[in-house]
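Novice: Here the protein sequences line up with chains B and U, keeping their order.
Just so we're aligned: 13 in our numbering is position 13 of the first sequence, and the numbers increase by one with no gaps anywhere.
Start counting at 1 in the second sequence, then tack on 263, and there's your number in our numbering.
Just so you know, the hints here were simulated from the structure itself, not pulled from any lab data.
Using N, Cα and C, we set each Cβ at its ideal position, and we do this for glycine too.
Check each hint, because a few of them may be wrong.
Unchecked claim - Below, simulated DSSO-like cross-link-like pairs (lysine-lysine); rule was C-alpha separation at most 30 Å, straight line:
1. K366/U with K16/B
2. K368/U with K430/U
3. K165/B with K322/U
4. K366/U with K163/B
5. K366/U with K251/B
6. K368/U with K16/B
Unchecked claim - The following residues of chain B were derived to be distant from chain U, with all beta-carbon distances above 10 Å:
7. V18
8. R40
9. L59
10. R91
11. F132
12. G142
13. A174
14. F178
15. I219
This is what each chain is made of:
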Amino acid sequence: MFDSINLSLNVDIMVKLVLASSLAIVIVVVSYLKEIGVARDFSSAALRGFLQLMLLSALLTYVFLSEIWYGFAVPIITLMILLAGYTSARRVGAGVAVVKPIVITTPSITAGALFSLSTLVVLGVIPTEPEFIIPLSGMAFGNSMNICSLTLTRLLSEIKNNKDKIEAKLALGATSDFTVREYERIAIRWSLIPTIDNLRTLGVIFIPGAMTGMLMAGISPVTAAVYQLSIFFMIISSGIMTSVIASHFVKLRIFTQAHQLIL
Amino acid sequence: MIEISNIRKRLGSREILKGINLSVEKGEIVAIVGHSGSGKSTLLRCINRLIEVDGGDIKVNGVSVRKYNPVELRKIVGLVFQTPVMFEGNVGENISYGLRISKNKDLAYETEEVERIAREVGVQEFLSSDANSLSGGEQQRVALARALILKPKVMLLDEPTSFLDPKSGGVIENLILKLVKSRALTVIWVTHDVSQAKRVGNRIAVMQKGRIIVTDKSERIEWGKVYV
Ligand SMILES: Nc1ncnc2c1ncn2[C@@H]1O[C@H](COP(=O)(O)OP(=O)(O)OP(=O)(O)O)[C@@H](O)[C@H]1O
Ligand SMILES: [Mg+2]
């Protein structure tokens with residue numbers, strides 16, 4: 001009997017997936033008509049996303065039921081770290097020859113996200129259960145990844161555009177730290193804008209995915225709201241840590257000990 | 264005051280400086296001429312250690328530049344760039360930059376010095392104007408004041424008049440001469456204008472293909488396409 005319920009649920013949900021895909025056709029058609037050229041990009045992204053999610057749900061079903069779930073959580077989180085570091089590094093690109101982005105992105109994202117996650121775990125806000133740890137890690141790493149990319153692209157472009165000014169200041173006896181402080185501030189603030197704006201409009205024009213999911217899964221709105229706020233504090237704190245660490249690494253790479261700009 | 268011995272510097276795949284030797288006495292002005300791309304700016308940037316030499320050594324006041332704290336070295340060795348870069352803020356803030364960033368600030372001294380030096384270089388009426396709104400010549404005056412307020416012993420001037428029209432270039436040239444002579448500064452003055460080199464330099468150095476030869480002004484030298 002259970003099997004048949006499960007099966008009917010699954011059929012039901014699969015039908016929904018197919019129906020929702022009708023919106024995918026809209027994307028492709030609009031892209032084609034307006035010559036936006038995202039159809040190809042979108043299709044491959046959608047296919048990739050679909051496969052990844054399917055894989056994830058199968059994996060999660062298994063892991064959540066497993067006695068030794070942390071044995072799975074560690075490699076999963078490691079994979080998140082590597083993928084986040086790699087993706088962010090690709091985004092930053094080879095804009096500046098002396099900076100190898102991946103050696104900056106990976107440790108910054110890791111440190112930032114792990115800091116916030118472990119704080120919430122230690123404080124007991126996040127239960128040490130796979131249902132919480134794994135998806136929340138995903139959020140922390142995902143957000144840190146975006147913030148890392150934003151910080152680095154902005155910081156490197158500010159420094160490149162103001163190279164002459166920085167060198168003129170160094171020539172007057174300013175330290176390297178001092179000459180880039182303003183650009184650091186700009187880059188960090190800029191990287192946090194999207195997330196902070198989301199927080200500002202939270203619940204009014206922006207009901208985030210996690211909360212939507214919790215509501216749809218039947219969790220009480222108040223509980224969902226509390227979790228959602230905790231999530232926001234987590235991703236913004238991990239973001240700001242990531243951003244600060246990443247910009248510090250940039251400084252270490254583009255300046256020598258002798259306050260020389262090597263760009 | 265400055266002893267440059269056999270320095271080498273590679274930038275990208277090219278060796279720009281191929282063993283430069285030059286010594287400048289205290290209070291002397293040495294003019295360096297050379298074609299565009301011959302490495303004149305590169306040489307100056309090695310002296311205040313904005314870049315690192317690949318080989319050889321530079322001594323300032325008998326001490327290798329590597330032995331100095333770079334921050335202190337750059338206060339002793341002022342550098343005025345080829346094109347002036349103004350910082351955000353007004354002229355006064357630009358001039359006081361080097362004093363404001365130092366650890367032991369003295370506001371009264373700072374205000375007094377800024378006014379004194381602004382008058383000396385002739386920008387006193389602009390002190391509260393936005394530095395970026397000034398003309399090229401005025402900006403170069405600010406750049407000079409900004410370096411001089413730190414009381415350097417050495418001034419490195421990188422084509423300080425080349426981006427100005429001949430008339431204001433001449434005015435700035437005379438101003439610089441007055442400023443450095445009244446302070447008895449040791450000067451390396453880079454220029455691509457041979458007649459300017461003859462006017463300002465006690466000696467003239469010609470830079471070409473990564474090397475340098477020095478001459479007093481009595482002999483006429485011909486090296487490559489540069490005549491002195
Ligand atoms: N970061 C760099 N990487 C590679 N090459 C460089 C770099 N900076 C300068 N160069 C090259 O080094 C050479 C010397 O440059 P430098 O600016 O010292 O010449 P210069 O004599 O001051 O010329 P100008 O009279 O035009 O100012 C030039 O050919 C320049 O293209
Ligand atoms: Mg030059």
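Novice: Now, for every hint given, state plainly whether the structure supports it.
Specialist: For each hint, the structure was consulted:
no.	hint	in the structure
1	K366/U with K16/B	67 Å, violated
2	K368/U with K430/U	39 Å, violated
3	K165/B with K322/U	27 Å, holds
4	K366/U with K163/B	24 Å, holds
5	K366/U with K251/B	21 Å, holds
6	K368/U with K16/B	70 Å, violated
7	V18	57 Å, holds
8	R40	38 Å, holds
9	L59	49 Å, holds
10	R91	27 Å, holds
11	F132	47 Å, holds
12	G142	36 Å, holds
13	A174	5 Å, violated
14	F178	6 Å, violated
15	I219	51 Å, holds
Consistency note: the structure conflicts with the earlier hints numbered 1, 2, 6, 13 and 14.
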